[in-house]
Amino acid sequence: MGDKIKKTYKALLDGAELGLSGQALYRFVTDKYPKATSKRIVKAALLALSDPDVTSEATLHAIYALAIKHRLDPATAEDGDDDAVAFAKAPSASAIQDDHSVQLLDATDDA
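The sequence shown maps to residues 1305 to 1415 in this note's numbering.
The hints are simulated quantities; they were obtained by calculation from the structure and are not laboratory data. Values in this document were obtained by computation on a predicted structure and should not be read as measured data. One thing to keep in mind: the hints can contain errors.
[To be verified] Pairs of lysine-lysine, DSS-like flavour, derived with a Cα cap of 27 angstroms:
| id | residue 1 | residue 2 |
| --- | --- | --- |
| 1 | Lys1310 | Lys1339 |
| 2 | Lys1373 | Lys1339 |
| 3 | Lys1339 | Lys1308 |
When you get a sec, could you build the whole thing from the sequences and use the hints?
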């Protein structure tokens, strides 16, 4: 999984697990990882939906709703195909959490 998708995926899971949904979840992801485009958020959401370690119904529902909403967003200049990698298998949430190379800003940090 590309590093950009991995960071977006981690931020998406973190926000959804905090109970955020809709625009609040989208804002949380883009605040944590400003390079997260709609395209990357949708890719990360689809990976999360197929992750066997993500089992919370509320988390899955929030991620699903966000993916559907942003799936039809028009492409922007930032949505290049630089992370267009075929994914054979979704990552595991536990593997992402154990990956210390993924470091996001604390929500209290002024980036």
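Hints, one by one, checked against the model:
For the hint pairing Lys1310 with Lys1339, the CA-to-CA distance comes to about 12 angstroms; that is within 27 angstroms, so the pair holds. As the CA atoms of Lys1373 and Lys1339 are separated by approximately 19 angstroms, the hinted pair is consistent with the 27 angstroms bound. Proximity of Lys1339 to Lys1308 is assessed by CA-CA distance (about 8 angstroms); at most 27 angstroms being required, the pair is judged to hold.
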